[in-house]
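Q: For reference, the chains in residue letters:
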Amino acid sequence: MKTIAELQALRDEMKGKVGVRREGEYRTKILVGMATCGIAAGARPVLAECVKEIETRKLKDVYVGQTGCIGICQFEPVVEIYDEDGTKTTYVHMTADKVPKVIAQHVVNGSPVVEYTIGANAN
Amino acid sequence: MVRGHVLVCGGTGCHSANSDDIYDAFEKEIEAAGLKDEIQVIKTGCFGLCALGPIVVIYPEGAFYSQVQPGDVKEIVSEHLLKGRLVTRLLYQETVVDENTITSLDDTDFYRKQRRIALKNCGVIDPENIKEYIAFDGYMALAKVLTEMTPQQVIDEISKSGLRGRGGGGFPTGKKWAFAAAQPVGDKYVCCNADEGDPGAFMDRSVLEGDPHCVLEAMAIAGYAIGSNHGYIYVRAEYPIAVKRLRIAIGQAREMGLLGKNILGSGFDFDIDIRLGAGAFVCGEETALLNSIEGKRGDPRPRPPFPAVKGLFGKPTIINNVETWANVTRIILNGADWFAAMGSEKSKGTKVFALGGKINHTGLVEIPMGTPLREIIEEIGGGIPDGKKFKAVQTGGPSGGCIPAQYLDIPVDYENLIAIGSIMGSGGMIVMDEDNCMVDIAKFFLEFTCDESCGKCTPCRVGIRRMLEILEKITSGQAKMEDLDTLENLCYFIKENALCGLGQTAPNPVLSTLRYFRDEYEAHIVEKRCPAGVCKKLLTYSIDPEKCKGCTLCARNCPVDAIVGEVKKVHVIDNNKCIKCGTCMSNCKFDAITRK
Chain A
860 MKTIAELQAL RDEMKGKVGV RREGEYRTKI LVGMATCGIA AGARPVLAEC
910 VKEIETRKLK DVYVGQTGCI GICQFEPVVE IYDEDGTKTT YVHMTADKVP
960 KVIAQHVVNG SPVVEYTIGA NAN
Chain B
74 MVRGHVLVCG GTGCHSANSD DIYDAFEKEI EAAGLKDEIQ VIKTGCFGLC
124 ALGPIVVIYP EGAFYSQVQP GDVKEIVSEH LLKGRLVTRL LYQETVVDEN
174 TITSLDDTDF YRKQRRIALK NCGVIDPENI KEYIAFDGYM ALAKVLTEMT
224 PQQVIDEISK SGLRGRGGGG FPTGKKWAFA AAQPVGDKYV CCNADEGDPG
274 AFMDRSVLEG DPHCVLEAMA IAGYAIGSNH GYIYVRAEYP IAVKRLRIAI
324 GQAREMGLLG KNILGSGFDF DIDIRLGAGA FVCGEETALL NSIEGKRGDP
374 RPRPPFPAVK GLFGKPTIIN NVETWANVTR IILNGADWFA AMGSEKSKGT
424 KVFALGGKIN HTGLVEIPMG TPLREIIEEI GGGIPDGKKF KAVQTGGPSG
474 GCIPAQYLDI PVDYENLIAI GSIMGSGGMI VMDEDNCMVD IAKFFLEFTC
524 DESCGKCTPC RVGIRRMLEI LEKITSGQAK MEDLDTLENL CYFIKENALC
574 GLGQTAPNPV LSTLRYFRDE YEAHIVEKRC PAGVCKKLLT YSIDPEKCKG
624 CTLCARNCPV DAIVGEVKKV HVIDNNKCIK CGTCMSNCKF DAITRK
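From first to last, the protein sequence lines stand for chains A and B.
In our numbering, each number is its position in the first sequence, counted from 1, plus 859.
In our numbering, each number is its position in the second sequence, counted from 1, plus 73.
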């Protein structure tokens, strides 16, 4: 390393990689249902895709985590998104392919993807 | 694409409790669960709460698992990492709100009042990976100094911050640097004193193990400030993990061009070597340390000349303690005013203490200077186990003193501790309860200094031995009241006449216990009694004939056959044979044995 610019570039790159170690407030929380039913229905690639999307978009104030079974096993994989004001949106029958659209439209632009929500799929 | 980090404590405490096996188990179980690409396992430095080790922290939840065993790992991986369900039984109970909800560690009694500056990266980064250090602004202070500041500005900033030596003396760091900088241009040296020798102190060890780069970076900054190109770290060979991580850190810093020639293209050269100490306590004294680095016997030299004028190899040298170094980069990055805003009038910033003895939360704490002792012991330290009564707290190791309960509300800083007969020292803090004999404590420290005296000057070599002999007389019930006067006179004589800090401060444990616990000394001498029941030669065990059932348990367990008696008849202890081991007392099911 010969210049300060190189040092700064390395720091910025590494900061993204240690970002999960910070404790603090998050704007949005994405919780993927990872109970047995969720995993069996394919929740793991959904979770992985969420993490990947958040990382590529460098969304530092968005938390991605897991949650347990909420009793609607027939709708798994389920993803719940909590907005800053506490509103919860429940997405059902999620797949990895649907994730980028949800992140872009809901998390970044603030308008839920209605056709994937439980309301649109209840019947 | 990593979504979670598992931090396994690799500090000395957890390491000795097999945290290496826990780390390996995580690697294995995560691989088996197919989470290898999603979860990263990192071995960090000390989290501080050593009493609850081995510790594992999992992010992003910030879940703090305590007393984890390798056998628990599978459950943590399948429950927490895979399904997102916290393993409540292993969580640090203070963080548990209800099932699957936890509060932040910062809200627990142990961490709430702490302010981690020197320990900022301990338990946060992987100390064996320079990139993690860089992620947390590592080497940015060095970059700032090399590009934006003149050497004089660096010294002014350190002076303005009010940083004082954390090794115990409390000498203003900026002033020390200014002395060395004022010496004529030529070979100069920067040294790090990592010869932490006080019994019960482990803060320097933890900094080196948890954040070795912050010491390297700070030494390079000092090199720039005083015009030196070479540093030495003098670290004791008994710290193998610290030595290993320092070696890795130096290697990585050299590889990245952050040590060596022309650092960051600034034209400034600086390199660091390690020297291992063989464990002599006196080598923590700065002039003895310099002799030892030079390959000579670790004897102290008379001062002046001070090392800043004539130090290592006869050249101007600055020596700072590990914790002092750990504060430097933070001051450069955040500014002197930020640092000076913490602490008390004359003692700025924070201090790391190693809490030990009769305390619930044994471990490392970093608190702002000026925090009352009571807060450290009762809130952060979690109080004294088993509802026992607080008697005293020992600070400053063999050079310090015992502080009794009446001073628990004084704010901790350099001046206050000296005023009540102790010292800050390197930061050992040993809590004692009603079961500790203060004469025995004084004797313990005197045995230590007597062993560690280098023998160069008579007051220390002979004087401390005479003091120890008097203490032995007292604890075996053979002393007279005149001996107490001789003991006190010896204390003052040694303090005034010893050559170096070791001898000058060695009488402190005796002086402070004489000052606050004279009644205990007198009980030993006059009544031939040890009030705390510690000094064996003054104890007698006897069997209460009313309570004894003649079960023979005591007699069967006595290692020297000092108890006689027939089955179902009252037993008797032969005090000529008794070695006062207390085995009979702990075995008796009827509380029939008493100790006086």
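Everything labelled a hint here was simulated from the structure, so no lab data went into it.
Backbone N, C-alpha and C define an ideal beta-carbon position, used for all residues, glycine too.
Treat each hint with caution, since some may be false.
To be verified - Only part of the chain B face toward chain A is listed, based on derived beta-carbon distances under 7 Å:
#1 R76
#2 H78
#3 Y132
#4 P133
#5 K156
#6 G157
#7 R158
#8 A208
#9 M329
#10 G330
#11 G333
#12 L337
As the list claims (entries may be wrong) - Distance windows between CB atoms, simulated:
#13 D956/A x G340/B: 54 to 62 Å
#14 D956/A x N173/B: 23 to 31 Å
#15 K419/B x I929/A: 27 to 35 Å
#16 K461/B x T862/A: 56 to 64 Å
#17 V170/B x I929/A: 16 to 24 Å
#18 T176/B x K947/A: 20 to 28 Å
#19 K888/A x A413/B: 36 to 44 Å
#20 K876/A x K419/B: 36 to 44 Å
#21 Q933/A x V170/B: 24 to 32 Å
Q: Going through the earlier hints one by one, which of them does the structure break, listed in rising order?
A: Violated hints (numbers, rising): 11, 15; every other hint is consistent with the structure.
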